[in-house]
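Trainee: Knowing the structure of chain A, use the given hints to seat chain B on it.
Top to bottom, those sequences are chains A and B. Under numbering that gives the first Met the number 0, the residues of the first sequence are numbered 0 to 358, in order. Under numbering that gives the first Met the number 0, the residues of the second sequence are numbered 0 to 358, in order.
Everything labelled a hint here was simulated from the structure, so no lab data went into it. For every residue, glycine included, the Cβ atom is placed at its ideal position computed from N, Cα and C. Heads up, a few of these hints could be off.
Partial list, computed: chain B residues near chain A (C-beta under 10 Å) [claimed, not checked]: (1) A70; (2) T98; (3) D101; (4) V105; (5) L106; (6) G159.
Partial list, computed: chain A residues near chain B (C-beta under 8 Å) [unchecked claim]: (7) T78; (8) F81; (9) A87; (10) K95; (11) T98; (12) H100; (13) D101; (14) Q103; (15) L107; (16) D114.
2 protein chains.
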Amino acid sequence: MSESSTASRPTLEAVAARAGVSRATASRVVNGGDGVREPLVERVRRAVEELGYVPNQAARSLVTRRHDAVAVVIAEPETRVFADPFFALQLRGISKELTAHDSQLVLLLTEGRDDHARVGRYLAGGHVDGALVFSLHLDDPLPELIHGAGVPTVFGGRPGWGDGTRSAASPVYVDSDNRGGAREAVRHLAALGRTRIAHITGALDQTSAVDRLDGFRDVMVDADPRLIAEGDFTPAGGERAMRQLLDGCPDLDGVFAANDLMASGALRVLRERGLRVPDDVALIGFDDMLPVAEQTDPSLTTVRQDIEEMGRLMARLLLRGLSAGAATVGSAGAGSQEGLVGAPSSVVLPTTLVRRASA
Amino acid sequence: MSESSTASRPTLEAVAARAGVSRATASRVVNGGDGVREPLVERVRRAVEELGYVPNQAARSLVTRRHDAVAVVIAEPETRVFADPFFALQLRGISKELTAHDSQLVLLLTEGRDDHARVGRYLAGGHVDGALVFSLHLDDPLPELIHGAGVPTVFGGRPGWGDGTRSAASPVYVDSDNRGGAREAVRHLAALGRTRIAHITGALDQTSAVDRLDGFRDVMVDADPRLIAEGDFTPAGGERAMRQLLDGCPDLDGVFAANDLMASGALRVLRERGLRVPDDVALIGFDDMLPVAEQTDPSLTTVRQDIEEMGRLMARLLLRGLSAGAATVGSAGAGSQEGLVGAPSSVVLPTTLVRRASA
Chain A
0 MSESSTASRP TLEAVAARAG VSRATASRVV NGGDGVREPL VERVRRAVEE LGYVPNQAAR
60 SLVTRRHDAV AVVIAEPETR VFADPFFALQ LRGISKELTA HDSQLVLLLT EGRDDHARVG
120 RYLAGGHVDG ALVFSLHLDD PLPELIHGAG VPTVFGGRPG WGDGTRSAAS PVYVDSDNRG
180 GAREAVRHLA ALGRTRIAHI TGALDQTSAV DRLDGFRDVM VDADPRLIAE GDFTPAGGER
240 AMRQLLDGCP DLDGVFAAND LMASGALRVL RERGLRVPDD VALIGFDDML PVAEQTDPSL
300 TTVRQDIEEM GRLMARLLLR GLSAGAATVG SAGAGSQEGL VGAPSSVVLP TTLVRRASA
Chain B
0 MSESSTASRP TLEAVAARAG VSRATASRVV NGGDGVREPL VERVRRAVEE LGYVPNQAAR
60 SLVTRRHDAV AVVIAEPETR VFADPFFALQ LRGISKELTA HDSQLVLLLT EGRDDHARVG
120 RYLAGGHVDG ALVFSLHLDD PLPELIHGAG VPTVFGGRPG WGDGTRSAAS PVYVDSDNRG
180 GAREAVRHLA ALGRTRIAHI TGALDQTSAV DRLDGFRDVM VDADPRLIAE GDFTPAGGER
240 AMRQLLDGCP DLDGVFAAND LMASGALRVL RERGLRVPDD VALIGFDDML PVAEQTDPSL
300 TTVRQDIEEM GRLMARLLLR GLSAGAATVG SAGAGSQEGL VGAPSSVVLP TTLVRRASA
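Looking at chain A on its own, in the form it has when it is part of the complex:
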C-alpha cells in the first residue's frame, strides 16, 4: 500500500486551532455555510490553505449533498464496454462535458447483470450527484435499483418500460431517431431497385433495436419473416445473422444491419459466399462508427448518429437539472425529486444517411 497515514492528514480540529476559532465555526466555513463574520472566514481559509486541509467528503456531503461527481453505468459486462467503440465514443462526450464543469466521471464497471445490485448500492450510497445510464436491457433490474437509490438520472437511449408499474413521472433520456433513420436506410435500398431487402436486428431487449426494426417494417410492410434475423450488435452476431439470412433467402439483394459492427460481420460472410457488395447485395449499417465504417471494403453506407454528442448532451441535461434543482430547493436538492425541478425534458437527435460504397 502507499505510505499514507492519518497523521499526514490535517483534521478540522487542527484547522480550528490554527485559526483560533471553534470547531463549529471552522466547519461552517469549510462547508460553505453562512453566518460567520468575514475576518473569521478569512482566518479559517488561511488555516485550510496552510495546513492543506481536505474536508472529508463523506462528512461534508451529509451537509451539502454535493460530491462534484457523476456516475456512469453501462449495462453491459466490462469486456463488452471495452470491445465496442460505441461506448468509448459516448464516454468521450460525457468526459468532456463533466470535465468542463469540474465534475468527476465515475465509471462503475461490472462483470454482468448479477452485479447490478451492487451498482445500485453504490448509487444509493451518497457518492455521486447523479447518474448517466446507458445500454439498458428490458429485463434489467437497474432502473428499479436506480429508482430506489433516489439519484437524479439521465438515460442514454429511451428506457423500455411503460407498463405503469413504475412512477408516472417520465425518465429523461437522450436518444437518436432510430425509427426514422432505419426508414431512410431501407427506403434508400428500395430506391436502388432492391426488392428482397433483409434486416439484421440488434439485441431485441433494447429499445434502439426494436425501434430500428419498426422503421424497417414501416417500409417493408408484410416482409417475409425469413428476411429478418436477430443479431446482438456484435460483429460475430452479424456474421451469424447473415448466414441465417442467406440460408433462408439466397436471393436477397439488400441488407440493413442495425449497427456498423454487425454490418462488418455480414460483409465478411457475403464475401465468403462469393457475393459482391453492392452489385449482388447492397448493405447499409447504422452508427457511422469510425474507423469501422470507412475501413471496410467496400466502405459502408450507414445511418449516422452523433454518439459523442449524445454523451455530451446526457451530461449537460444532468448537470443542468442538478443546478436547477439546487437553485430551487437549496442544498437538499440533489438526490431528491425536488432536484429535478426545472430539469429539461428528453432529447431525440436526428440521423443522417451517409453514402459510401456499399449501397
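Mentor: Chain B in isolation, oriented as in the chain A frame:
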C-alpha cells in the same frame, strides 16, 4: 431525470418506527454494532427488509469506514485508456477479482493531468476503501495527492520516486520484470547474428520504459546513440521512431520495441521502406498483446507479460491489505496507515519470450 423521489426511499426513522425501537437502536443494528438484544436485532432486520431500507452510505461510512468499492485510476487521458488494449486487459483482471469479493470497481476517468487534483479530492472524499493506480508518469502530482488523501493504494508498475522527499515507507506495487525481459529479447536478436540492434523506447517518464531501456543497454553496452529512439507506447510513436532510426542507421538489422503497439507501427514503416522482416530486419515487441501480436504480418516475436494477472494481483494485494488492516485495527482500519498492517509487499512477475515469425 429519473422518477426518483425522497418519498420512495424509506428512512431510518421509518425502520425504527416499524420495529418499535429507538432510532439509536435501529442505527446500531443497521451499522453492524454490538450491544443490541437479539429479539430487537431481529425486529429491526425484518423492518429493513419489509421497507426495502438502504442505509445512506455516506452516513454509514462515517461509522464503518467501509464502502465496498475500490477506485481505479489510470494516469492517462480517457482517449488513451480506450485506445490501448493494455488498459482493458488490466481492468479485466481487476474487475474479475473485485467482483469475486463483491467490491465495486470505480473507474475515475480524466481528460488529462490537469484533472488529477479532482481525482485526489474524490479519493480523499471517503468514497472508496482503496485505490489501484497505474500508468504513472514521473512528474505526475497524483502520488502526492493520493498520499494526501490517505487511501490505501497499490500501484501497477513501480512508481518512479525514490528521492527521499516522500515518506520512508515503500509503496506496494505489482510489476513485470521489465529489465530482464528486455535483456532476453535483445540477447535473442544477438543470438540470431544481428549486430546493429536498435531500440524503440516507451515514454521515458515511465519506469517500465526506463527499465526496458536499461535491459537493452545491459546487452548492447556502448550502443551507438543513433540506435536508440524514443517512442511513447503508441503505434504512431512506433512509426515515428522507426523512421528516425532508419534515417540515422540505414544498416540496422534488428529492432527491439518496448511494446507491441509500437512494434506494429515499426513494421508498417519497415514494409513501406521495402525492408523484409525478419530477413532484413528482425523485430521483437513487448507485452504479447493479443490479437495485435498474432495478427501482424509476419506475426510478432515478443516478450510476454501477463497483464490481466497483474490487474488481478493488484486487486488481491489491496483487498488483502484492507482486510488485514481491518482485522488488526477494527473499523478504523481502512483509509489509515494502520489499514496497511499485514499488507503483503510488492510483486514482480517474470516475463517469457514468445517466438513467432518476426525474429
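Trainee: Please go over all the hints and tell whether each is borne out by the structure.
Mentor: Against the structure, the hints come out as follows:
1. A70: 8 Å, holds
2. T98: 5 Å, holds
3. D101: 6 Å, holds
4. V105: Holds, because the Cβ-Cβ distance from B:V105 to chain A comes to roughly 6 Å (cut-off 10 Å).
5. L106: 4 Å, holds
6. G159: Since chain A brings no Cβ nearer than about 14 Å to B:G159, farther than 10 Å, the hint is violated.
7. T78: Cβ of A:T78 sits 7 Å from chain B, so the hint holds.
8. F81: OK, holds: A:F81 within 8 Å of chain B, min 4 Å.
9. A87: With a minimum Cβ separation of about 4 Å from chain B (threshold 8 Å), the hint on A:A87 holds.
10. K95: 7 Å, holds
11. T98: 5 Å, holds
12. H100: Violated: closest Cβ of chain B sits about 11 Å from A:H100, beyond 8 Å.
13. D101: Since the shortest Cβ distance to chain B is 6 Å, the answer is holds.
14. Q103: Holds, because the Cβ-Cβ distance from A:Q103 to chain B comes to roughly 5 Å (cut-off 8 Å).
15. L107: Interface hint status for A:L107: holds (6 Å vs cutoff 8 Å).
16. D114: Interface hint status for A:D114: holds (6 Å vs cutoff 8 Å).
Checked against the numbered hints above, the structure violates hints 6, 12; every other hint is satisfied.
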